[in-house]
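Colleague: Chain residues, written in single-letter form:
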Amino acid sequence: MPAGHGLRSRTRDSFSRPFRKKGTIALTTYLRTYKIGDYVDIKVNGAVQKGMPHKFYHGRTGRVWNVTKRAIGVEVNKQVGNRIIRKRIHVRVEHVMPSRCSEEFRMRKIQNDKLKAEAKARGEVISTKRQPVGPKPGFMVEGAMLETVTPIPYDVVNDLKGGY
Amino acid sequence: MAFVKAQKSKAYFKRYQVKFKRRREGKTDYRARIRLINQDKNKYNTPKYRFVVRFTNKDIIAQITSASIAGDNVLAAAYAHELPHYGLEAGFTNYAAAYCTGLLLARRVLKMLEMEEEYEGNVEASGEDFSVEPSDTRRPFRALLDVGLIRTTTGNRVFGALKGALDGGLDIPHGDKRFAGFNKEKKELDPEVHRRYIFGGHVAAYMKTLIEDEPEKYQSHFSEYIKQGLEADGLEEMYKKVHAAIRADPTMKKSEKEPPKEHKRYNLKKLTYEQRKAKLIARVQALNSVVDAAEDDEDDE
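Protein chains in written order, with my numbering: chain V, 1 to 164; chain P, 1 to 301.
Rather than coming from a laboratory, the hints here were simulated on the basis of the structure. Check before you lean on any hint, since a few could be wrong.
Derived lysine-lysine pairs resembling PhoX-like cross-links, with alpha carbons at most 20 Å apart [unchecked claim]: (1) V:K55 <-> V:K78; (2) V:K35 <-> P:K43; (3) V:K21 <-> P:K21; (4) V:K78 <-> V:K43; (5) P:K21 <-> V:K22; (6) V:K129 <-> V:K109; (7) V:K43 <-> V:K22; (8) P:K279 <-> P:K269; (9) P:K14 <-> V:K21; (10) V:K129 <-> V:K114; (11) V:K69 <-> P:K43; (12) V:K21 <-> P:K19; (13) P:K241 <-> P:K253; (14) P:K14 <-> V:K22; (15) V:K116 <-> V:K129; (16) P:K227 <-> P:K217; (17) V:K55 <-> V:K87; (18) P:K227 <-> P:K58; (19) V:K35 <-> V:K69; (20) V:K22 <-> V:K50; (21) P:K48 <-> V:K69; (22) V:K109 <-> V:K120; (23) V:K43 <-> V:K55; (24) P:K227 <-> P:K208; (25) V:K35 <-> V:K87; (26) P:K48 <-> V:K35; (27) P:K187 <-> P:K177; (28) V:K22 <-> P:K19.
Required output: the full structure, derived from the provided sequences and hints.
Modeller: Following this line, the structure appears as C-alpha cells:
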C-alpha cells in the first residue's frame, strides 16, 4: 500500500507534544497579544487540532498581517520553484509564539539612542556602528624555550639497515 | 505483613509528569479558567473581568479580577467578615450574607469607577430576575461569574452572591435556572421564594422550628444569634438595613493593625551566600594556621 501524502503526513514526531509536557496548555499562550507587524514563530501545538498550519510552516518565522478573534494572520516566505512567494496563512494563537529574532536589534536601537543622547549632551560626535571583529593584537609569548632544529645529513649505511 | 514488590520504581518517577501546581493543590479548574480568561485577540489588551466567588468555612470572598501573565490583578474585593461594619452580626456564610457580599462588591466597584449614580441596579430586592439596562453615556461594567470548583446546583450560595452583584448594578451574563426558588417542573423562577432566601427567610423558618421542637439544639446551633440578640422575625429587617448601609457607603474601611509581635526563633536562620563564603574562608584559614603550626613544630624537631 503506498505511503500517502495527506495534510498531516510525516508529522508523527514534529506535531507530538514533548516528553512530560502533555496535557493542559499554559495560560500565557492565551494571554499574549499580537499586533500587526510583529514577528512570530510558528510552532504547532499538537494538543489543539483547530487552526493548525500546514506542516511546511512548522518552524517558520513570519510577520503578523491580520488579527482575528482567536487566530492571527501570518505572512511567511515560501520558495516555490525559482521564486519566493509571501504566503498569508491564518493560525490559531496556540501554534504561535513571539519571535526573538528582532529582539537584539530593538535592544541595540534603544541603547544607541541613549548613547547618542548622552554624547549630544556632552557635545561630541560618536559612531554607534557595529564594527566587525578584527585580527587579534600581537602579544609576547611567555616562558618559551627556544630550540633550534636542523636536519641531519642523510646517512645511507645506517638508514638502510632495516629493510633492503 | 507479606513482602510486597515496590510499586513505584525509579522508572515511574522518571516518567511521571506532574500536573500544574494549582491543579495538584486542587484549587484551580484550568479548563474553566482558559475559557474565562481567553480574550479576543482583536481586542488586544482590553481586560476581561471575572467575578470570583469563593466560600471558606467561615467567610465569603468576592473579587473582581483580570488576568495577566505576571499574575491576576484584583480590581476590588469584598469579604463577608466586613459585613459587621454594615450591621450584620451573625450568619456570615449563608445565602443572605452571600447576597450582601455580592452587593457590597458591586457597589464598591461602581463607586471606584464613578459609575454608581448611573447604575443603581435593583434597590428593592424582589427576587425576580434583574439585568442592568445600559444607560446612554457609559456601558455597564461587565464581568463573568467564576464559581471555581463548586457543584452548581440550584440554590447554591454562589448564585446568592451573583444575585447581589446583579442587583448592585453589574452586568453578568446569567440565567435564572440556578437561583434558589427555581421550579424544575414548571421551569420558572418563583421570585417569592428567592426573596425569602435573600432576606434569610429560610434561616428564620429553621430557627422557629428548632425553638418549638428542639430548644437545646437551637441554643447550640444559633448561639451567635442568641448572643447578638437576633430573633427569627427580625432577620428581614436587619438584612434590609444592611443593604441600605451598603448602598450608602460601600468604600472599604481600613482597620488599624499593630505591628506583629516578635517571636523567639526556634530554628537557625538561613545564611546568605556572602555569609557562607565568609564562613568557609574562616574555616580554611583556621585549618591552614593549624597545619602551619604543625609544620613549624616538625621543622623545629
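Colleague: Take the hints in turn and mark each one as holding or not.
Modeller: Here is what the structure says about each hint:
This hinted pair checks out: K55 of chain V and K78 of chain V have alpha carbons roughly 12 Å apart, not beyond 20 Å. Distance hint between K35 of chain V and K43 of chain P is fulfilled; the C-alpha atoms sit about 11 Å from each other, no more than 20 Å. Proximity of K21 of chain V to K21 of chain P is assessed by CA-CA distance (about 14 Å); at most 20 Å being required, the pair is judged to hold. For the suggested pair K78 of chain V and K43 of chain V, the alpha carbons sit about 16 Å apart, so the restraint of at most 20 Å is met.
Of the supplied pair hints, the one linking K21 of chain P and K22 of chain V holds, its CA atoms being roughly 15 Å apart against a limit of 20 Å. Proximity of K129 of chain V to K109 of chain V is assessed by CA-CA distance (about 11 Å); at most 20 Å being required, the pair is judged to hold. A threshold of 20 Å between alpha carbons decides the hint, and for K43 of chain V with K22 of chain V the separation of about 15 Å falls inside it, so the pair holds. Only pairs whose Cα atoms come within 20 Å are accepted, and K279 of chain P paired with K269 of chain P is accepted, the gap being roughly 15 Å.
Restraint check for K14 of chain P and K21 of chain V: satisfied, since their Cα atoms lie roughly 13 Å apart, inside the 20 Å limit. Under the criterion of a C-alpha separation no larger than 20 Å, the hint pairing K129 of chain V with K114 of chain V is consistent with the structure, at around 14 Å. Our distance criterion of 20 Å between C-alpha atoms is met by K69 of chain V and K43 of chain P, whose separation comes to about 8 Å. Among the hinted pairs, K21 of chain V with K19 of chain P is consistent with the structure: their alpha-carbon atoms are about 9 Å apart, no more than 20 Å.
Taking the CA atoms of K241 of chain P and K253 of chain P, the gap is about 18 Å. The hint holds against a cut of 20 Å. For the suggested pair K14 of chain P and K22 of chain V, the alpha carbons sit about 15 Å apart, so the restraint of at most 20 Å is met. Restraint check: the Cα-Cα separation between K116 of chain V and K129 of chain V comes to about 11 Å, which is no more than 20 Å; the hinted pair holds. As the CA atoms of K227 of chain P and K217 of chain P are separated by approximately 15 Å, the hinted pair is consistent with the 20 Å bound.
Of the pairs offered as hints, the one joining K55 of chain V and K87 of chain V holds, with about 14 Å between alpha carbons and a cut-off of 20 Å not exceeded. Proximity of K227 of chain P to K58 of chain P is assessed by CA-CA distance (about 18 Å); at most 20 Å being required, the pair is judged to hold. Only pairs whose Cα atoms come within 20 Å are accepted, and K35 of chain V paired with K69 of chain V is accepted, the gap being roughly 13 Å. Proposed proximity of K22 of chain V and K50 of chain V is supported: the alpha carbons are some 17 Å apart, at most 20 Å.
With a C-alpha separation of about 14 Å, the suggested pair K48 of chain P and K69 of chain V falls inside the 20 Å cut-off, and the hint holds. For the proposed pair K109 of chain V and K120 of chain V, the alpha carbon gap of about 16 Å is at most 20 Å, so the pair holds. A hinted pair counts as satisfied when its Cα atoms are at most 20 Å apart, and K43 of chain V with K55 of chain V qualifies at roughly 10 Å. At roughly 17 Å between alpha-carbon atoms, K227 of chain P and K208 of chain P fall within 20 Å of each other, so this suggested pair holds.
Of the supplied pair hints, the one linking K35 of chain V and K87 of chain V holds, its CA atoms being roughly 18 Å apart against a limit of 20 Å. At most 20 Å may separate the alpha-carbon atoms for a hinted pair to count; K48 of chain P and K35 of chain V meet this at roughly 18 Å. Between K187 of chain P and K177 of chain P the alpha-carbon distance is near 8 Å, which keeps this suggested pair within the 20 Å criterion. Our distance criterion of 20 Å between C-alpha atoms is met by K22 of chain V and K19 of chain P, whose separation comes to about 9 Å.
Checked against the numbered hints given earlier, this structure breaks none of them.
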